[in-house]
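Knowing the structure of chain A, use the given hints to seat chain B on it.
Order-wise, the sequence lines are chains A and B. For the first sequence, my numbering assigns the number -17 to the initial residue and increments by one for each residue that follows. For the second sequence, my numbering assigns the number 20 to the initial residue and increments by one for each residue that follows.
No wet-lab data here; the hints were simulated from the structure. Treat each hint with caution, since some may be false.
Said to hold, decoys possible - Derived pair list, reagent style DSS-like, types lysine-lysine, alpha-carbon separation capped at 27 Å:
| hint | chain 1 | residue 1 | chain 2 | residue 2 |
| --- | --- | --- | --- | --- |
| 1 | A | 283 | A | 46 |
| 2 | A | 161 | B | 35 |
| 3 | A | 314 | B | 59 |
| 4 | A | 102 | A | 302 |
| 5 | A | 169 | B | 61 |
| 6 | A | 302 | B | 27 |
| 7 | A | 167 | B | 35 |
| 8 | B | 61 | A | 302 |
| 9 | B | 35 | A | 163 |
| 10 | B | 61 | A | 197 |
| 11 | A | 314 | B | 147 |
| 12 | B | 169 | B | 157 |
| 13 | A | 197 | B | 44 |
| 14 | A | 314 | B | 28 |
| 15 | A | 169 | B | 35 |
| 16 | A | 168 | B | 35 |
| 17 | A | 167 | B | 44 |
| 18 | B | 59 | A | 197 |
| 19 | A | 163 | B | 44 |
| 20 | B | 44 | A | 314 |
| 21 | B | 78 | A | 167 |
| 22 | A | 175 | B | 35 |
| 23 | A | 147 | B | 35 |
| 24 | A | 314 | B | 27 |
| 25 | A | 169 | B | 64 |
| 26 | A | 169 | B | 27 |
| 27 | A | 280 | A | 45 |
| 28 | B | 147 | A | 302 |
| 29 | A | 167 | B | 59 |
| 30 | A | 169 | B | 78 |
| 31 | B | 59 | A | 169 |
| 32 | A | 262 | B | 78 |
| 33 | A | 161 | B | 78 |
| 34 | A | 175 | B | 78 |
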Amino acid sequence: MLINSIRNFFEKEDFLEVETPLLVPNPDPSPYNELFETTKICGKRAFLTPSPEFLMKKLIATKKFPKIFQICKAFRNPQELDPLHNPEFTILEWYRINATYIDLMLDCENLISFIVEKLKQKFQISNFKFQIKKSKLKNFINYQNTWIDITPPWQRITLKEAFYKFANINLDEFLNLKKAKEIAKKKGYQVEKNTTWEQIYHQIFLNEIEPNLPKEKPIILYDYPSQLAALSKLKEKDKRYAERFEFYIGGLELGNGYSELNNAAEQEKRLKADIQLRKKMGMLVFDYDKDFVKAVGKMPKCAGIAVGIDRLIMLFSNAKTIQEVISFPATKIF
Amino acid sequence: MATTADLKKGLCIIFKGEPHVVVDKTFVSPGKGSAFFRTKLKNLKTGAVLEFTFKSGEKIEEAPLLTKEFQYLYNDGQNYFFMNPRTYEQISLPADDLGNFKNFVKEGDTYQIYTLEDQPVSIRAPQKVKLKVIEAEKSVKGNTVTGATKPVKVETGYVLQTPLFIKEGDLIIINTETGEYVERA
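The following block holds chain A by itself, in its conformation from the complex (with noise of 0.2 Å):
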C-alpha cells in the first residue's frame, strides 16, 4: 500500500520507473559499509550493489531520461546489526535533471504529504490525526509517543547552524582538523593521536546534535562538510561545504540527497581516495567503475536522493525498529 502510494506519486510527477541490476563487477566503493561479494560471473567478480546510484546515473548521463526513480533491494553489510539496519533492505531512489538539492526537499515534502493523504483514505489509522488551523489543514502523524506535524514546510537548518545552536561549535573553525581537536577536548571527549576529524565529527553530531534535533516537526539538515561531499557538489559561493541533505522525521533518519557532482575528475579523485581508505581498512578491494566515471562526465546538471522504505513504514507503522517492519529480519535468520 505505502508502495503503491509512492509509484503513484512519482507516476503524476511525469517520473519514468527504471530496473537496474543488482549483481555488478565494480560497485559503489564507498568504505560507509562492507559488501556482499557473490560467486563469480562469467569468471569476473561480483557484488551485490549498496545502492542503484551508479547505474540509475549511467541513464541519466544518456540524457534520454530527465526524470527517474526506482524502488528495489540494496546490500550493506554492517559490522554488528542494530535496531535501524538490515543488511538487505528497501530503497527508492529518484534522479531529476536541472535540479538541485532544494528541489528534492520540495520531492520530499510533497511525497511524505501524498503518502499520508492516501492512507488516510484507504485505512482509519489511529496514529495519524488532522486539524484545521487558519483555515490550514494540518497531518499530524504520531510516531513512538510524538504527534509531528508533517504538513510542509519542513524546518530546514544547515549543519553550520546546528553545531552552532546545539553544540555552541563555529563550524566554519571546527573544518580544521588540529581546531576541531581542541574544541572536542575542551569538552572532554578522548582524542588521540590518530583520531580522524571524521570521528570527532561524528561524535559530536551523534551526542550533541541528533539527540536534540526537534522531533514535533520533520527537519531537513543541509550543507554537510566538504569531508563528508560523498557524491554530492561542492557549494559554488563556499567550496568549504558540499549541496547534500538530509531529512529526519521523528528522530529517524529517512533520506540522503544530493546535487549531484557532475565533474568526471573530481569523482574519480573521490573514488580512488575510497579505495586507498578500503585497503587501509582491510575491507574489501576492487577496480572502481570507470565507465561511471565517464557517465558522470557527460551528466547533465542533476540531483537525486535515496530514502529507506524500511524506515518509512517504521514511520507510518509507528514501530521502534527496523526488525519490527521486516518478515525475517537478519537478527532471526542469522
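Using the frame of chain A, we list chain B on its own:
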C-alpha cells in the same frame, strides 16, 4: 585498560568520575570509516540514565565494583535495609537509589548489591521479577473487550494492570523497568 570492544550490558564503568552501569549498547556507523557505540549509562549513585556515544576503540575505565548477595529486611520509607546472610552485617540504601525497583523488593528475598570499596552503591535490579497476586477483582464473564485489563495488587503492595484472567494467588512476571505485566508465571 578496557576499550569499547569490552562494552556490554551490565558492565560497570567509571564515566566522568562516577560509577555507571551499561544498560544498553548499539552499534552506529554514520560515515566513512568511523564506527561508534551508542550507550545508555545508568549512574549507580543517582540512578540517572544518560546517553553517550563512544568512538570505537576509545579507552574505558572499568569500575572496581563487586556484587554481593544481601537479604532484604525492611524499609522505613527513606531507607531500605539489607543484611549479608553470612556475616549478618547490615547495610542500607536510600529509596532513591532503588528507583522503580523499590516496588518489587520482597522481604526475606536475596538481591545482588553493587559495592565500591565495601560501600553499597546500588541494587542490581533483575529485568523481571516473579510476584504473587494478593488482590484481584473477579472478572465478569461477557463483560470483556479485547485487550481489556484490570488492576491487581502483588505481595509487595504494588498495583498494576493485568489481563482479566489473572486471579488472586497467581504468580505473575513483571518488567521492573516499565513496571508492566509481562506474563503469567
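Taking the hints in turn, this is what the structure says about them:
Annotation: proposed proximity of residue 283 of chain A to residue 46 of chain A holds, straight-line Cα distance about 14 Å (limit 27 Å). For the given pair, residue 161 of chain A sits about 23 Å from residue 35 of chain B by alpha-carbon distance, which is consistent with the 27 Å threshold. For the suggested pair residue 314 of chain A and residue 59 of chain B, the alpha carbons sit about 24 Å apart, so the restraint of at most 27 Å is met. Between the alpha carbons of residue 102 of chain A and residue 302 of chain A the distance comes to roughly 21 Å, so the proposed pair stays at or under 27 Å and holds.
Under the criterion of a C-alpha separation no larger than 27 Å, the hint pairing residue 169 of chain A with residue 61 of chain B is consistent with the structure, at around 21 Å. Using a Cα cut-off of 27 Å, the hinted pair residue 302 of chain A and residue 27 of chain B holds, with the two alpha carbons roughly 21 Å apart. As the CA atoms of residue 167 of chain A and residue 35 of chain B are separated by approximately 14 Å, the hinted pair is consistent with the 27 Å bound. Note on residue 61 of chain B and residue 302 of chain A: the hinted pairing holds, with a Cα-Cα distance of about 22 Å set against a maximum of 27 Å.
Between the alpha carbons of residue 35 of chain B and residue 163 of chain A the distance comes to roughly 19 Å, so the proposed pair stays at or under 27 Å and holds. Only pairs whose Cα atoms come within 27 Å are accepted, and residue 61 of chain B paired with residue 197 of chain A is accepted, the gap being roughly 24 Å. Under the criterion of a C-alpha separation no larger than 27 Å, the hint pairing residue 314 of chain A with residue 147 of chain B is consistent with the structure, at around 23 Å. The straight-line distance between the Cα atoms of residue 169 of chain B and residue 157 of chain B is roughly 9 Å, inside the 27 Å bound, and the hint therefore holds.
Distance restraint check for residue 197 of chain A and residue 44 of chain B: the Cα-Cα separation of roughly 22 Å lies within the 27 Å cut-off, and the hinted pair is therefore satisfied. Taken as a hint, the residue 314 of chain A and residue 28 of chain B pair is honoured in the structure, with Cα atoms around 20 Å apart against an allowance of 27 Å. Proposed proximity of residue 169 of chain A and residue 35 of chain B is supported: the alpha carbons are some 12 Å apart, at most 27 Å. Using a Cα cut-off of 27 Å, the hinted pair residue 168 of chain A and residue 35 of chain B holds, with the two alpha carbons roughly 14 Å apart.
Note on residue 167 of chain A and residue 44 of chain B: the hinted pairing holds, with a Cα-Cα distance of about 24 Å set against a maximum of 27 Å. Taken as a hint, the residue 59 of chain B and residue 197 of chain A pair is honoured in the structure, with Cα atoms around 20 Å apart against an allowance of 27 Å. Our distance criterion of 27 Å between C-alpha atoms is met by residue 163 of chain A and residue 44 of chain B, whose separation comes to about 25 Å. A C-alpha spacing of about 19 Å is found between residue 44 of chain B and residue 314 of chain A, which places the hinted pair at or below 27 Å, so the restraint holds.
Of the pairs offered as hints, the one joining residue 78 of chain B and residue 167 of chain A holds, with about 15 Å between alpha carbons and a cut-off of 27 Å not exceeded. Taking the CA atoms of residue 175 of chain A and residue 35 of chain B, the gap is near 21 Å; set against the 27 Å cutoff, the hint holds. A C-alpha spacing of about 24 Å is found between residue 147 of chain A and residue 35 of chain B, which places the hinted pair at or below 27 Å, so the restraint holds. Between residue 314 of chain A and residue 27 of chain B the alpha-carbon distance is near 20 Å, which keeps this suggested pair within the 27 Å criterion.
Note on residue 169 of chain A and residue 64 of chain B: the hinted pairing holds, with a Cα-Cα distance of about 23 Å set against a maximum of 27 Å. With a CA separation close to 25 Å, the supplied pair residue 169 of chain A and residue 27 of chain B stays within the 27 Å bound. About 9 Å separates the Cα atoms of residue 280 of chain A and residue 45 of chain A, which keeps this hinted pair within 27 Å; it holds. Distance check on the hinted pair: residue 147 of chain B and residue 302 of chain A sit about 21 Å apart at the alpha-carbon level, within 27 Å; holds.
Only pairs whose Cα atoms come within 27 Å are accepted, and residue 167 of chain A paired with residue 59 of chain B is accepted, the gap being roughly 22 Å. At roughly 17 Å between alpha-carbon atoms, residue 169 of chain A and residue 78 of chain B fall within 27 Å of each other, so this suggested pair holds. Simply put, residue 59 of chain B and residue 169 of chain A have alpha-carbon atoms about 19 Å apart, close enough for the 27 Å limit, and the pair holds. Among the hinted pairs, residue 262 of chain A with residue 78 of chain B is consistent with the structure: their alpha-carbon atoms are about 22 Å apart, no more than 27 Å.
For the hint pairing residue 161 of chain A with residue 78 of chain B, the CA-to-CA distance comes to about 22 Å; that is within 27 Å, so the pair holds. Note on residue 175 of chain A and residue 78 of chain B: the hinted pairing holds, with a Cα-Cα distance of about 14 Å set against a maximum of 27 Å.
The earlier numbered hints are all upheld by this structure, with none contradicted.
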